[in-house]
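J.: Sequence:
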Amino acid sequence: MANGTILFALNVQVINGQTLRKDHPHLPVIITEDALSSNAPHIREAEKYNLHYILGVKKGDHPFLFRKVEEAQENGEAVQFELVDNDNPQKTHRFLLVNHLPLNESNQDLLINFLEYWEITSEKTQHFSWVTDFTITKGNSYELMRGGRARWKIENETFNTLNFNANLNRTSLANEN
2 MANGTILFAL NVQVINGQTL RKDHPHLPVI ITEDALSSNA PHIREAEKYN
52 LHYILGVKKG DHPFLFRKVE EAQENGEAVQ FELVDNDNPQ KTHRFLLVNH
102 LPLNESNQDL LINFLEYWEI TSEKTQHFSW VTDFTITKGN SYELMRGGRA
152 RWKIENETFN TLNFNANLNR TSLANEN
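Numbering (our numbering) for the sequence shown: 2 to 178.
It should be emphasised that the hints constitute simulated quantities derived from the structure, not laboratory data.
Since the structure is predicted, the reported quantities are computational estimates derived from the model, not experimental observations.
A portion of the hints provided could be inaccurate.
Simulated pairs of lysine to any residue, SDA-like, Cα-Cα distance not exceeding 20 Å [to be verified]:
#1 59 - 123
#2 59 - 142
#3 59 - 137
#4 23 - 51
#5 59 - 23
#6 60 - 37
#7 125 - 84
#8 49 - 29
#9 49 - 139
#10 59 - 81
#11 139 - 86
#12 125 - 87
Estimated spans, in silico, between C-beta atoms of each pair [stated by the list, open to error]:
#13 89 - 26: 37 to 45 Å
#14 85 - 65: 32 to 40 Å
#15 42 - 89: 26 to 34 Å
#16 41 - 85: 35 to 43 Å
#17 141 - 88: 15 to 23 Å
#18 48 - 138: 19 to 27 Å
#19 45 - 91: 39 to 47 Å
#20 112 - 35: 20 to 28 Å
#21 23 - 119: 36 to 44 Å
#22 75 - 26: 21 to 29 Å
#23 95 - 23: 37 to 45 Å
#24 101 - 127: 23 to 31 Å
#25 24 - 64: 37 to 45 Å
Glycine included, each C-beta is placed from N, C-alpha and C at the ideal position.
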């Protein structure tokens, strides 16, 4: 992500794109969310306020999109490549990317870019996929994947903080009694 870009793991309706853009008209923002957010109304709202996005997407929720990805692979329009992890040579990063695909059958005018990722080690393989408004290349795939996966870190740290504070409040209340 570009220096100075803010990465949010929030719903664009919660952020309120209109207020955000009124208060910060030039702030570069990337919204990263789970697969519940990869729908046309949500994406159109983000685009309306010039909010970039990296949204999780699941095959079961988007069969049309995943068929288009398969067609792109068959037609040689998809790019697939692997990188060996610099810090851990036992870890492989596999990427599949396709740009300019329709999100779904009902919104074929809404073109998105698709990134699929596998983290492969001898113990396990993890799999993720996202849609984004960023044009995806071999050169930025790793960074976009890190942005998509950052949602987990942001949400987990927020949850842990809230949970910690809730426990402090419970302890404080118990000590008062």
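J.: Can you list which hints this structure breaks, lowest number first?
T.: 1, 5, 9, 15, 22
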